[in-house]
Amino acid sequence: MIGMLFTVVLVLAGLLMPKWLTFLVTMAAAQGLVSLGILLLMRGGVVSFGQGMVFALGGYAAALGYSRLGLTDALGLTLLGGVTAMLVAAPFAPMLARYRGIFFAMLTLALSMVIYGLLMKIELMGGSDGFNIGRPTLLGQTLSDARVGYVMYSLTIVTAGVMALLSRVYFDSTRGLLTVAVRDNELRVEYLGGSVRQAMMINFILAAFAGGMGGALVVMSLGHIDPNFSYWTTSGEFVFVAILAGWQSVLAVFLASTVLEVVRSFSSSYFPNTWQLALGLFLLFVIRFLTRGIGSLWIKENRR
Amino acid sequence: MQTLFTILIDGLSYAAWLFIVALGLTLVFGVLKILNMAHGSFYALGAYAAASFVSWGASMKMAPAFSIVAMLLAAVAVAAILAPLTERGLMRFFYGRDEVLLVLVTYALFLILEDVTKLIWGANPYYVSEPYSLFGNIDIGSQTYVGYDFALVALAVIVGLAVWWGLNRTRHGKIVLAVIHSAEVAASMGINVSRVYMLAFTVGIFLAGIGGAFTAPMISVQPGVSVGVIIISFAVVIIGGLGSIEGAAIGALIVGLARSLAVHMAPVAELFSIYIVMALVLMFRPEGLFQRIQARKI
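Protein chains in written order, with the numbering used here: chain A, 1 to 304; chain B, 1 to 298.
Honestly, I wouldn't trust all of these hints.
[As the list claims (entries may be wrong)] From chain B, some residues computed to sit far from chain A (all C-beta separations above 10 Å):
no.: 1; residue: Q2
no.: 2; residue: T6
no.: 3; residue: W56
no.: 4; residue: S129
no.: 5; residue: L134
no.: 6; residue: V157
no.: 7; residue: I175
no.: 8; residue: A183
no.: 9; residue: V193
no.: 10; residue: L282
[Said to hold, decoys possible] Reference listing, derived: stretches of chain B covered by chain A, where coverage requires no fewer than 3 residues with Cβ under 8 Å from a Cβ of chain A:
no.: 11; region: 87-95
no.: 12; region: 111-120
no.: 13; region: 230-239
Just so you know, the hints here were simulated from the structure itself, not pulled from any lab data.
By construction, the Cβ of each residue, glycine as well, lies at the ideal position given by its N, Cα and C atoms.
One chain only, chain A, in its complex shape (with noise of 0.2 Å):
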């Protein structure tokens, strides 16, 4: 509920910000989507580093939609980049399911490498250098100039929205809750019954489709798409984002994904060529004395 109205609100309050400032919510918000995906395998007690991966293919995909199939609609691109990484990494989710810890992260992160390597050197998708998109349209309808930072700055933060309370729903359900008990006590969880595999594959597929949906809405504010996308340190930042949410809330992913963006493009006109160490330093501070996440600053652990 609070999650609605705080989408409702956001949405009404685009249209009193500066245009750095949709913009920068935008790409929080559709990154948040990614982190998002890894929160779901959070909960389960891996962490997927190669997460740049769905964001990738989420991206690619939209971005060929809208050059190769002449599919222009901002709202069939998202939901085609979801598709997309969705099928493209359900067939590694049965493999993956297996592995836990340092290994699901070093696995993923290897696919991710993998499919960097292919974008790199398919001249088809522009090589190295990515390639440049055309603006979307929505629902039909042609955006001008002025009004298309504004039309993906809301579609983005109602997608935002809408993924948030599904989640909430999926994490409050049978299997969500499962899930948690995974990350307590595998074999318990098979001795009351539960299929462990199952839940984590299901988890790796859904986490796969957050991430395309991210990708391709980003594509589409960016207007560009390279094979960076996929590269291990993006994947990276989004781990960064789910640890500094913390597992327990949906909407602390979506803050952390903001507070890193305001991190990140501060430090970068401030002090341009040493942000990176200024984002290093953050996460340091915020891993020694955040422990759980943002999301713990109002969520208090049950005792049990």
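Let chain A serve as the given structure and place chain B on it in line with the hints.
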């Protein structure tokens, strides 16, 4: 046949420095249980320091052979200055936390070191060409090979044996092994665990530094070298099994050969041949080739 031999030599020299770097990574993981993402940054620092030291040596009109000493000194300097600083000043605050969280800590360290390197050495590439010609050329058949490549392989063998000997045949090594086995029990036996941590971390960084220093003549030292190295050495230790010396050696050989095979036969596949090998190994041996299966804890 000729190409096959070339592939072999290329693969071996690539595997050689990769082994040295990965050995450091696997050692740090074995002892401190940290998968160090900043390992590549220490490699890069080693390379930069070597570039500075060698050119300083050249400007002092030292004999060309001095460049070898200079590269060694560079690695020592990186390890002696930075390892205790990061271990005592940073890492120790995070011991005992979740493995993946520790990866993120080192990721932050990587980001920081990346900029620090740029601040010190700037963004322009450095070239260290003197040592590369030091060992002359070797003719085998109709092909000419650079002697330095063979020297690198020899260095890798020496380093590998030294680490193995140090771990298994010396008192300090046995203490380290005890800590690897169980830090708690070791501490209760009166071993100063935090000193062992620092020692292992320093040796690990030293190995990364050596790897960087001795590959500096073969590459252009510029921002971004750290990134490539860290991912590849991850692949190596994951293939070989985390925390295993033999694993690092075999992993480096597999990756080195796979890469040079890809470079010569199918250049398109160079970038991801390594990951495909890694994914294949992990599919059949989830814990890597040399990892002992651990009992599952309830």
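Now for the hints, and whether the structure bears them out:
no., hint, in the structure
1, Q2, "holds (27 Å)"
2, T6, "holds (23 Å)"
3, W56, "holds (25 Å)"
4, S129, "holds (28 Å)"
5, L134, "holds (35 Å)"
6, V157, "holds (27 Å)"
7, I175, "holds (26 Å)"
8, A183, "holds (18 Å)"
9, V193, "holds (21 Å)"
10, L282, "violated (6 Å)"
11, 87-95, "holds (count 3)"
12, 111-120, "holds (count 7)"
13, 230-239, "holds (count 4)"
Comparing the model with each numbered hint stated earlier shows that hint 10 is the single one that does not hold.
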